[in-house]
Every structure is written in structure tokens, then in C-alpha cells.
Amino acid sequence: MSLTTPQFPSDDKRWKIVNGTMRKNGFARHALIETLHTVQSSFGYLDDDSIRFVARSLRVPLSQAYGVVTFYHYFSLKPPGKHTCTICTGTACYIKGSDKLLAAAEQQLHIAQGETTPDGEISLMTARCVGACGRAPVMLADGELHGLVSSDEMMAQLERWAFV
Amino acid sequence: MTIEELEQVAESVRRENAKFEHEINVCMGTGCLSQHSDQLKDALAAEVAKQGKNAMVRRTGCMGLCAAGPLVLVDPREILYQHVKTENAAAVAASLGAEPVAKLQCNLRDHFDQQVHIVLENSGHIDPEKIDDYIAREGYKALLTVLTEMTPSGVIHRITESGLRGRGGGGYPTGLKWSTVAKAKGDVKYVICNGDEGDPGAFMDRSVLESDPQRVVEGMAIAAYAVGASKGFVYVRAEYPLAVSRLTAAIRDARRRGLLGNDICGTPFNFDVEIRLGAGAFVCGEETALIASIEGKRGTPKPRPPYPAVSGLWGKPTLINNVETFANIAPIIRNGGRWFASIGSERSKGTKVFALTGKITNTGLVEVPMGIKLREIIEVIGGGVPGGHKFKAVQTGGPSGGCIPEELLDLGVSYDALLKIGSIMGSGGMIVMDDTSCMVNVARFFVEFCKTESCGKCIPCRAGTAQMYTLLTRICDGTGTMHDLELLEDLCVTVKEASLCGLGQTAPNPVLSTLKYFRNEYMEHIVHKRCRAGVCNMQVPAEVPA
Numbered sequence: 001m002s003l004t005t006p007q008f009p010s011d012d013k014r015w016k017i018v019n020g021t022m023r024k025n026g027f028a029r030h031a032l033i034e035t036l037h038t039v040q041s042s043f044g045y046l047d048d049d050s051i052r053f054v055a056r057s058l059r060v061p062l063s064q065a066y067g068v069v070t071f072y073h074y075f076s077l078k079p080p081g082k083h084t085c086t087i088c089t090g091t092a093c094y095i096k097g098s099d100k101l102l103a104a105a106e107q108q109l110h111i112a113q114g115e116t117t118p119d120g121e122i123s124l125m126t127a128r129c130v131g132a133c134g135r136a137p138v139m140l141a142d143g144e145l146h147g148l149v150s151s152d153e154m155m156a157q158l159e160r161w162a163f164v
Numbered sequence: 165m166t167i168e169e170l171e172q173v174a175e176s177v178r179r180e181n182a183k184f185e186h187e188i189n190v191c192m193g194t195g196c197l198s199q200h201s202d203q204l205k206d207a208l209a210a211e212v213a214k215q216g217k218n219a220m221v222r223r224t225g226c227m228g229l230c231a232a233g234p235l236v237l238v239d240p241r242e243i244l245y246q247h248v249k250t251e252n253a254a255a256v257a258a259s260l261g262a263e264p265v266a267k268l269q270c271n272l273r274d275h276f277d278q279q280v281h282i283v284l285e286n287s288g289h290i291d292p293e294k295i296d297d298y299i300a301r302e303g304y305k306a307l308l309t310v311l312t313e314m315t316p317s318g319v320i321h322r323i324t325e326s327g328l329r330g331r332g333g334g335g336y337p338t339g340l341k342w343s344t345v346a347k348a349k350g351d352v353k354y355v356i357c358n359g360d361e362g363d364p365g366a367f368m369d370r371s372v373l374e375s376d377p378q379r380v381v382e383g384m385a386i387a388a389y390a391v392g393a394s395k396g397f398v399y400v401r402a403e404y405p406l407a408v409s410r411l412t413a414a415i416r417d418a419r420r421r422g423l424l425g426n427d428i429c430g431t432p433f434n435f436d437v438e439i440r441l442g443a444g445a446f447v448c449g450e451e452t453a454l455i456a457s458i459e460g461k462r463g464t465p466k467p468r469p470p471y472p473a474v475s476g477l478w479g480k481p482t483l484i485n486n487v488e489t490f491a492n493i494a495p496i497i498r499n500g501g502r503w504f505a506s507i508g509s510e511r512s513k514g515t516k517v518f519a520l521t522g523k524i525t526n527t528g529l530v531e532v533p534m535g536i537k538l539r540e541i542i543e544v545i546g547g548g549v550p551g552g553h554k555f556k557a558v559q560t561g562g563p564s565g566g567c568i569p570e571e572l573l574d575l576g577v578s579y580d581a582l583l584k585i586g587s588i589m590g591s592g593g594m595i596v597m598d599d600t601s602c603m604v605n606v607a608r609f610f611v612e613f614c615k616t617e618s619c620g621k622c623i624p625c626r627a628g629t630a631q632m633y634t635l636l637t638r639i640c641d642g643t644g645t646m647h648d649l650e651l652l653e654d655l656c657v658t659v660k661e662a663s664l665c666g667l668g669q670t671a672p673n674p675v676l677s678t679l680k681y682f683r684n685e686y687m688e689h690i691v692h693k694r695c696r697a698g699v700c701n702m703q704v705p706a707e708v709p710a
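Line by line, the protein sequences are chains A and B. 56 is the number that my numbering gives to position 56 of the first sequence; each next residue is one higher, with no gaps. 361 is the number that my numbering gives to position 197 of the second sequence; each next residue is one higher, with no gaps.
It is worth saying that the hints were derived from the structure and are not from the lab. Hints are supplied without guarantee of correctness; some may be wrong.
To be verified - Computed from the model, here is a short list of chain A residues facing chain B with C-beta under 8 Å:
no.: 1; residue: Gly20
no.: 2; residue: Arg23
no.: 3; residue: Lys24
no.: 4; residue: Phe27
no.: 5; residue: Ala31
no.: 6; residue: Phe71
no.: 7; residue: Phe75
no.: 8; residue: Leu77
no.: 9; residue: Pro80
no.: 10; residue: Thr91
no.: 11; residue: Met125
no.: 12; residue: Gly131
no.: 13; residue: Cys133
no.: 14; residue: Ala136
no.: 15; residue: Ser151
Bear in mind that the values here come from a model prediction, so they are computed numbers and not experimental data. Glycine included, every Cβ here is placed at the ideal spot set by N, Cα and C.
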């Protein structure tokens, strides 16, 4: 049986990377999560078009694909801001006062966790433990890990982003 | 690759290393890397060249003492430096063959002397991205011995003899699990390594994967031979990018050396490993949920039986073990089951790696023999609570575990002892709390975690944790009543007994254990509207005692 891959949603070259992941897994249904990872790392988030494309390519019902996307916290349906500040809310960080960091960041940016500032500059996210508990509290600034973060350090980082 | 060839590789690495008078090991685990230990390594290499020292500078995995990073270990004199900055590179290089740099020296004899390293024996000594470094420290010797000299049942016998129990938290005897999978009928079987370290506050598996990934691959290959599997998966959290990249490199190198793939070591044994990325769901640490996730589905658990050992991944017999369990396999094969069984306590053998964090001086990774007293871990190895604060509790087992008060600190650490006092061993997170932590708030923190992470499949867990959270929030707010407390206790029992999987069954543990040992704090919140740690924001003014 020959399988024809559905048309790419656009002529963006990144779809080829996504297709590559699916091809590597023989377009098997179990490659769904792997493929969604590739989409998210290539595009930054998952939009309707990409979920449809992946579901159709892997012959997975759209409902199932959407179910998987919304089940796992790692997948995001919203485009991220230009910069992302992720505050770890694992146990060690909680004991070391990450809730205060988060509250301060929310106040500073006027957004709640999981949101992006209206100008699309900064997203404020939380993580369930990044495994750097020895250096709690921990913040990820655009993916780069900062340990033993003070509220002032975090504010300084947010301000640097806001004025660049 | 044969044993002789393996020995040749090891010999050539040793010869190469012997050319150098000194070895400078720079920790490049996640903790130290966040403080730019990569730049430090480059600076050290440049200084060594500039000063014409006969030394090699090596990247290594985690050395354990994350709080004191970046760490540098200078061999053969075993001098450990802490908080080393790039500008200290010249001084460190100059000290080779001379007096150590006193102001950087880390003198924590107590911290290291009490530890026994089996799982972490290579951490801090080898470059995790060089397979030859691993081979030089007896790596893959166990696998090749097993393939050429032992029968699968002989391997299982040795593991059973060692008394090794699952290090993921449950403590199921590993030998028994292996023999069940080996006996299960099926032409295709799978081996899965559970690296979905979801417990917040635990990072043992991350560290093992980052520091010594080959050891996990070797353990999986031995397991596959023993149970008759030819395909393995490592399920790792996507939140651990460094672990994923080092493991990917490890698998690639093992394939190149012919230690994974077809006809390994000239025998008919085939085995290959693939990585699967988790996507941020705590419940996927549960084995049936993890299997669903590898199949590309939502990670919801299934009722057991059938156990994965009989019907697991794609309905085939599947062996699932934790990262740390697999990391113990090669040393057991090399040194014998009796050697392993001689370490530890009566029913818990060997060592356990703990992630010691929270309000404690020496935060980081420690490996201790089972049966060691909690007090020793916290006061001697951990260096006690800093800042003149008073120890209040230690939390083990993550959201499924409990809080242990001061009076129980003389307890020896074992699966059974921890279970008896309402906590669990768990995967190895150990979080110390002092008098600035409110135990009611801590219980609420864990219940909030379980509420968010509940997969929603069964009602007791989905609705129960949500209700528990509401009740605990009321108590923390100062609006709770004695009736709320009664309801909470009642609900804990229901959720514990009626939930489908481990997540729900253990979700009430943090509440039950704090209620058992810190009931007075609950009463203060409810009756006096007071939070002694000053953590909770009371909506109702505190009663002033007359």
C-alpha cells in the first residue's frame, strides 16, 4: 500500500523537518508525540494547521491528536513571546520561596503565569521541577538556567528584556 | 567487540591518561553548567597550556555538591575546589605539583566519607560523552561477560541473589520482575527504562543520565539478554535537555562500537535502544501510563493485572525499570550478587541515591548505604540546617510521600521503615524544611500538584484531590472549620483506597503524614487563625490570646 503524505500546510521549510521525524518513524501512529515535539521545537508552538497536518499524516483521528496535545503540559497552543521567563515551582524551589518570585514577576509584567505580555515580548511560564534542585530557586531565562535567583536578579532580567 | 578488544580500548585510554601528571576534572552537570563551568574548562585548558603544565582537563558529570559549584577535582591528589570562577583558573593551574589553592579548597570530609558510591562511582571521574572513558573503568565488561559466559537464567539468579529492589520508589524485587518477564510467552519483548523523573525535588535520574549514560545502556542490554528482549526504550523527560543529548550520544557511540545492534560481541544477541521524550505529565511515571505515552497516546493508566510483564507495550511482555535500577546492574554482575547483598539493611540492599535539597547546607546528590539513619544524612552529610534555623521536617517520596518529624530521625532508611511511618522511599527526593515552612501549606502544595497532574480517568483522584485542595485552601486562609478537617480526613481515606493508580492512591500521603505529626499546626490555623511560620495569608484576623 502506498501512502501519500498530505500537502504541507505552507511552503515553510520547517515542515520538511516535521516530515523527516514522521518518515524516520515510518509514519507509524505511535510517532504522534515525537512528531508534535518536532513541530513545537521548530515552530515554538502547535497551531490548528500543524495538529491537523500531523494527525492526517499519521492517520490518527484529529480528536485523539488534540487530546494528546492538551493532555501534556509541555505542548503549547499559544505562540510564545520573544523571551520566556520560566520559574520552577518544584518542591525545593517552593521551599526556597519560588512563589514569591512568581508573584513578583506577575505583578511586574501585569500578566498571570502561562500568559504573554500584550506586546508579545515576554512569556511568563512555570515548570514542574527542572531537576536543578541543588540550586533552588531556579529560573530559566530563554532556556538558560539561573540558580539561587533573587527577586532583584529576576527583575533585572525582565527589565533588560523590556528595554532591548 | 570481544572482551579482548574491550581490554585493549581500556588499556589505550589508561596509557593515554598516564601520560599526564595531573587530571583536572571540571563538573559539567546542569547545576555547574548554569554557572558557566564550560567557560571555566576552556580557561583551565588555556592556563595549563600557557603555564606548560603536564595536565589534562576533562569534562565530567555531576560531583554531587551542587550548591558549591562550579566544582573542580584535581587528581591524583583528590583535591576538590568549590565556587571556582574563570579568573581562578590561573591559580588552580599554578597549584599543580605545588600547594593547593587554600581559599578555594572544599574540606567536607564528613560529607564524602559517609557515602558509598556504586551508582555514582564514575560520576565526576569520566567524560560522559566518551564511551572509551567508560570502558576504561570496566564499562561493558559486565555485558560481554553475560553474553559469553552466562545463561539468561544465571543472570536473573545473580540479580535475585543481590536483593536489588526497584529504585523508582515501589521497591519491587528486581530479580522477581525479570523472571516474570523472562517466563512470559511471546516472541517480541521490550525493555523500558523509566527516566520520567516527575517528582519535583528529585534529580537523581537526571544526574545519572548526564554523568554516566553508558551505564544505563549497559544495564538495559543485560536486562534484555536476561528476559529475551531485543528492543529497548528510554523514556526521558523533555525538561532534561542535557540528559537527552548525552544519552543520544551514548547510544550512538555504543552502536558504533558494536555494543548495541545486531550480533553483539559475535553472539546471536540483538538489542537496540531508542529514546522517547516525555511531554510533561507526572502520571507518566506510572508504568502503564508510560507505556501508553510511548504508544503515542494520552498517558492514562490502566488497571492491573494484566501487568506489563505479561502484556505491556503493544500488548507484548515488557520489563520496566527505573534509571537507577539499571545503573546498579553492571556492578552487580561484575562483583557478584553476594557483594551487593552485603551492603545495606536486611530487606533493603545496596545503596540509594538521594537528592538532598531544601533548607540544608550541603545541597546536592548523595549516595548512601541503605539502613543509614536519616539524622546522619541530614546532620553529618547534609551539614544541618543553615542560618540558625530549627529543623522541622524532612519530606521523602515527593507528592506520594510524607513529612518526617524530628523525633523519627533516628530511623534507618529502608523501603519498609519509611512505609511504616507513613512516607515512602520514592525515587529519592529528600527535602529538608525548617521553622519557616508551614506544614499545612506544604500539604496544600503537594495536593495542588496532584490535582493538576491527575490524569482525570478515575473520579476519586480527579474530584477527590480537587476537593482536598479546596479544604486545605480554606484552612490556610483561616476560614477552615473543624468540620472541614473531618471532611479532609475522610476524603483522604476515600482517595487512597478507591483510586486507580499510584498517583491517586498516594496523593493523600502528604496530608495524612502532616496530620499525624503536625496536627497542632492544623489546629492553630483553624482555631487560633494563626500560621506560626508566617507563610499563610490569613483572611481572618488572628485571635490574640488573652
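inquiry  = Min Cβ distance, A/Phe75 to chain B: is it shorter than 8 Å?
reply    = At about 6 Å, which falls below the 8 Å cut-off, the nearest Cβ of chain B leaves the hint on A/Phe75 intact, so it holds.
Legend entry - A/Ser151 as chain B interface residue, shortest Cβ-Cβ below 8 Å: A/Ser151 check fails; min Cβ-Cβ to chain B is 16 Å, beyond 8 Å.
Given A/Thr91 as an interface hint, is its Cβ closer than 8 Å to any Cβ of chain B? 4 Å, holds
Notebook entry, point to check: Taking 8 Å as the limit, does the beta-carbon of A/Phe71 come near enough to a beta-carbon in chain B?
Noted result: At about 4 Å, which falls below the 8 Å cut-off, the nearest Cβ of chain B leaves the hint on A/Phe71 intact, so it holds.
| field | Restraint outcome when A/Gly20 is required to lie within 8 Å of chain B by C-beta distance | value | 16 Å, violated
Hint validation: A/Arg23 versus chain B, beta carbon distance must be below 8 Å. Holds or violated?
15 Å, violated
Cut-off 8 Å, beta-carbon criterion: hint that A/Met125 touches chain B:
11 Å, violated
Next on the checklist: Let's test the interface hint: is any C-beta of chain B closer than 8 Å to that of A/Lys24?
Outcome noted: 10 Å, violated
Requested in this report: Mind checking the CB of A/Ala31 against every CB in chain B and telling me if the closest is under 8 Å?
Outcome: Interface hint status for A/Ala31: holds (6 Å vs cutoff 8 Å).
Regarding the hint that A/Ala136 lies at the interface with chain B, is the smallest CB-CB distance below 8 Å? 6 Å, holds
Taking 8 Å as the limit, does the beta-carbon of A/Gly131 come near enough to a beta-carbon in chain B? 4 Å, holds
Review point. Holds or violated: A/Cys133 as interface residue toward chain B, Cβ cutoff 8 Å?
Key: 4 Å, holds
In terms of the numbered hints stated before, the structure departs from hints 1, 2, 3, 4, 8, 9, 11 and 15, listed from lowest to highest.
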